[in-house]
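S.K.: Listed below, chain by chain, are the residues.
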Amino acid sequence: QQQVKQSPQSLIVQKGGISIINCAYENTAFDYFPWYQQFPGKGPALLIAIRPDVSEKKEGRFTISFNKSAKQFSLHIMDSQPGDSATYFCAASPSGTYKYIFGTGTRLKVLA
Amino acid sequence: DTAVSQTPKYLVTQMGNDKSIKCEQNLGHDTMYWYKQDSKKFLKIMFSYNNKELIINETVPNRFSPKSPDKAHLNLHINSLELGDSAVYFCASSQDHIVRHEAFFGQGTRLTVV
Chain A
108 QQQVKQSPQS
118 LIVQKGGISI
128 INCAYENTAF
138 DYFPWYQQFP
148 GKGPALLIAI
158 RPDVSEKKEG
168 RFTISFNKSA
178 KQFSLHIMDS
188 QPGDSATYFC
198 AASPSGTYKY
208 IFGTGTRLKV
218 LA
Chain B
179 DTAVSQTPKY
189 LVTQMGNDKS
199 IKCEQNLGHD
209 TMYWYKQDSK
219 KFLKIMFSYN
229 NKELIINETV
239 PNRFSPKSPD
249 KAHLNLHINS
259 LELGDSAVYF
269 CASSQDHIVR
279 HEAFFGQGTR
289 LTVV
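Protein chains in written order, with the numbering used here: chain A, 108 to 219; chain B, 179 to 292.
These are computed hints drawn from the structure, not numbers from a lab.
A virtual CB, placed ideally from N, CA and C, is assigned to each residue, including glycine.
Any given hint could be a false lead.
Claimed, not checked - Heads up, incomplete: computed chain A residues facing chain B, CB under 10 Å, no partners named: (1) Pro115; (2) Tyr143; (3) Thr211; (4) Arg214.
Please take these sequences and the hints and turn them into a complete structure.
M.R.: In structure tokens form, the structure reads like this:
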């Protein structure tokens, strides 16, 4: 119940295309869902986050879609660029706790 | 200025040794964390401190002992290092766990036990 399942494991997209990464959870006590971007040799950096009372949140080229009834959320990267090539992690935080449960990561490669 | 800084960035040591990793944040945050990232890049929380008080200990072996001398620092001491401890250890901080959840991560410490 404390897991967050992430897919795909790896993704190759052409420059200008849309990258879509999906996550699913079971624990209804999760109340905060961030996405992190990690470049090799660096720490994860927050990209965008959403709470379950919102179905979509957009920041620049990055959009989170959230489906509370299906317990799924996804990251869409519009107009993907080679500089977006990184590993992306979804995460969820149980209400009232001080921790994130991370997905297993998606390695994105955007071809020039 | 680096928001969350860890030292050292790389650590190579022999089995059985004891080592420490230091972490400092200059964001004025109340909550600090240690996460472990294994060779498959899986990130898992180890400890969380809020205002210097231990809040979460995720069934980490007691060879790992965190210490928070003040709100801005959270150090990790590891005794009797084992091969399986090889990983990247990330320190992180967040303002709190209620209003602003965003966690800011350090650049990581790559620990290699030989």
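S.K.: Given Tyr143(A) as an interface hint, is the shortest Cβ-Cβ distance to chain B below 10 Å?
M.R.: Tyr143(A) check passes; min Cβ-Cβ to chain B is 8 Å, inside 10 Å.
S.K.: Holds or violated: is there a CB of chain B closer than 10 Å to the CB of Pro115(A)?
M.R.: violated (14 Å)
S.K.: Can you verify the interface hint for Arg214(A): is its Cβ closer than 10 Å to any Cβ in chain B?
M.R.: holds (8 Å)
S.K.: Hold the hint about Thr211(A) up to the distance rule: shortest CB distance to chain B must be less than 10 Å.
M.R.: Constraint on Thr211(A) satisfied, holds at 6 Å.
When the structure is compared with the earlier hints, a violation turns up for hint 1 alone.
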